[in-house]
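Chains as they are written, first to last, in this note's numbering: chain A, 1 to 299; chain B, 300 to 653; chain C, 654 to 930.
Not close to chain A: a few residues of chain C, all C-beta gaps over 12 Å, as computed: (1) Trp701; (2) Pro774; (3) Glu845; (4) Ile847.
Okay, the calculated beta carbon distance ranges per label pair: (5) B:Glu597 x A:Pro24: 54 to 64 Å; (6) C:Gly786 x A:Met58: 36 to 46 Å; (7) C:Ile847 x B:Val466: 29 to 39 Å; (8) C:Leu748 x B:Lys465: 47 to 57 Å.
Simulated from the structure, these hints should not be mistaken for lab results.
This structure is a prediction, so every number in the text was calculated from the model and none was measured.
The beta carbon of each residue, even a glycine, is placed where N, CA and C say it ideally should be.
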Amino acid sequence: MAGAVTSHLSHEAAKRPKHITESPIVKWVLISIALLFLALVVLLPLISVFIEAFKQGMSVYWASITDPDAVSALKLTLMTALIAVPLNTIFGIAAAWAITKFSFRGKNLLITLIDLPFSISPVISGLIFVLLFGAQGWFGPWLDDHNIQILFALPGIVLATTFVTFPFVARELIPLMQAQGVHEEEAAASLGAKGWQIFWRVTLPNIKWGLLYGIILCNARAMGEFGAVSVVSGHIRGETNTLPLHVEILYNEYQFSASFAVASLLVFLAVITLIVKSIVEWRTSIVQAGKEGEQADAH
Amino acid sequence: MHIELKGVSKTYGSFKAVDNVSFAIERGKLIGLLGPSGGGKSTLLRILAGLETPDSGEIRINGKRVNDVAPQERGIGFVFQNYALFKHMSVYDNIAFGLTIRKASKAEIKSRVDELLELTGLRGFEKRYPHQLSGGQRQRVAFARALAPRPDLLLLDEPFAAIDAKVRKELRTWLKQLIATIGITSIFVTHDQDEAVEVADEMLIVQQGKLEQQGTPVEVYTQPKSAFVASFVGHSTIIDDPAGLHGFDQAAIPAGAKGIIRPDFVEAGRADEISLPSAAAKGTVKRVFFRGTHLELELTVRANRLIANRSLDQPPLQPGDEVSVLIHRIYVLAEQSAVMVENPLKLDPLPVHI
Amino acid sequence: MKGSKARSVLPGFGLSLGFTVFYLCILVLIPLAGIVVKTTGLTWDQFWQTVTSQRVLASYKISFFTSFFAALINLVFGLIVAWVLVRYKFPGKKLVDALVDLPFALPTAVAGVALTAIYAPNGWVGSLLEPLGVKVAFTPLGITIALIFIGLPFVVRTVQPVLQDLEKETEEAAVMLGAYRWRTFRRVILPELIPPLLTGFALAFARGLGEYGSVVFISGNMPMKTEITPLLIMTKLEQYDYSGATAIALMMLLASFAMLLLINYIQWRSNRRAVTE
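Excised from the complex, chain A in its bound form (with noise of 0.2 Å):
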């Protein structure tokens, strides 16, 4: 206790003896080196995105994302997003229930495995699926034969987001449930409580925040994937192009503001997802410090 008071306190001090810290102006070089970087590599991109959009007024930027083909792509978008995001969602919870609940031989290997697609170039994510869907693929001709169309259809760009997105969830509910443990669900469990009362009851109001993070996080990846949907899509306007591939085409068409516009909703998906991160951050940050406050009052 003694100490926890004290280095609480000395974090307050404004004024700490000048050898033990940095002088003020390397202080301040620091942060001015750091924030020229995030300016030049991050913020003027994004705010160049903005700028390029509305170049040529608001009526063309309204043009340009009701067109048909956009709105389409849109369309498209989102209808992976909800096939995709859902999926994940289910596995990472049935897979980090598994690795934090319970331990068994080979659990190192499965958080690996998971993690692989991380690693792997989405235009690898791509090709995999051609490999088994595509005209010399695996499946190719019997697909064929019954009239089935994988590639270069919905069913291909929901494949191949799906895989990539494949580990965004379980990896953020992983350390989560990791570090939560399982005292609270042995619990439950001791009181009579049966599996998915556990579930919805003890675990569930654990983990929503971070859960909530996951399936975000899944999300913007999911709406925005670009090389691993770009193999398989086959860039049939208005039927296969998501935003993101259709970005592409009207850029290569020098469309550019019409390509700028429908970029700035993917931005506006990119920055309602740091808010949220944000604000569920700062829950968990006010949980734990929660906990911790109980924890000091019971020593």
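Mind docking chains B and C on chain A? Use the hints.
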């Protein structure tokens, strides 16, 4: 004087962590800085080290004002509560760190580290890393590391707090002997009065940022200067109205003064067991605690609650038993003074009442 | 101690693990195996010729060096950003902290077109650099800039928590032993940051090797000059050279696995060092 503080204060926002503290310490003394958690002990230690700057006041080491001397140059060794060992360095490199900073020669470093490894009983562990050591061993490394550059003053912040109760006692004795061998002036912070009493040559008692008392353990115990010191060091009960105690109505006790009674000031038992039955009052046993070597009785005498010790050899008492209670003496604490007052009935055993 | 599966009182082990493994196999493992199987359709000579042809070798070189330098730059600036975010207070800090994650959240194609617009010869920055003779867009430098954007959060977000958890006392211990600020940083703080820095570097590097969306716009895609390996796979696919694409993809997969192993090794080593209380 070796170490001197004059009027040192430090506030964080509106919180007074250290409030106008002055004291002086002689060379070679082992000082226990004792007080409740959050009372400003650690801040005081950190101000001495130069890790915090005081808002006002003066710090002198060997007569020289060091307020503006960098902590790196003060010649102070510091042992942190969590040891703060360098995780990526071996025991040897940890101990050698201060010497390499001072650009000592390789041979010099080796001989000094060897000497400290020997002294701290860490020989054979020099290639290990902190995570491969027990808590007690880590503490020894922290100690050796702080001593390596031959500091003039050693500061230890709760040096035993993170160690198991069992090992703690051994380490205390070890540390006291070691510091005596080296003869270095040392100040250690603790909130455990047993630890301070057992280890320290002299104690500084700090509460709410204020220095309450400085003195040897015996002085602090037998002549507490404030109600806080009396109640913090050793066992005692505080009496709001000491003049109301049997016999003390005849003593000159200033109005509003508080009385402090330690268990060994109180004799309680059947009337025939009391040395001076005529001076004793009637009381009731409330509770009886077994304390290993003796029994502790909680008594009520009129409205007052008292604690007394009772030998295991004497016949046992039960809660509810009527007993005679003789209060040999009390401390009387007025605003600025603390005096020991003997029970007047003991000095004048001819009771007027008979 | 976690209960073993036999003794655990919690339900759902079979169901959750079964579903996890099933889903993993269907969606990830079986499709990935397709690459290996497809490659075995080539003879060794054919495979070797494909993956070592001049144009492919040039693409490895470009991908490797641009990813390496981008990761290196992120190593330096990522450390500074993480340091500033953990150690200093300044107005707008929360916003800056959120901004670091933008490359994670922003679709890569959007980043690609935006960076190209900025660094093209007529763009905001490009037009400033043009008179100095510095060309960014459609050169390896442009690819590197896109990869710096993509890799930034990896370094910052791996270093930040470690820096946050560093004990203030360790630094103070160095101070009390006579070390001034720079020496304290060099000998006490930096060694603790090396594992996360290496991890962040490896993550950013691995991501750079595979990155496609943000690079294709700014690179100009000139064979032998600015053609990255993922783009070459794409080109082969468009030419219906499936075995060629697969052979190169296999090489890239091997590189990713090597990086993955390296990252796991670094983390295993640094975990071993942690003092367990």
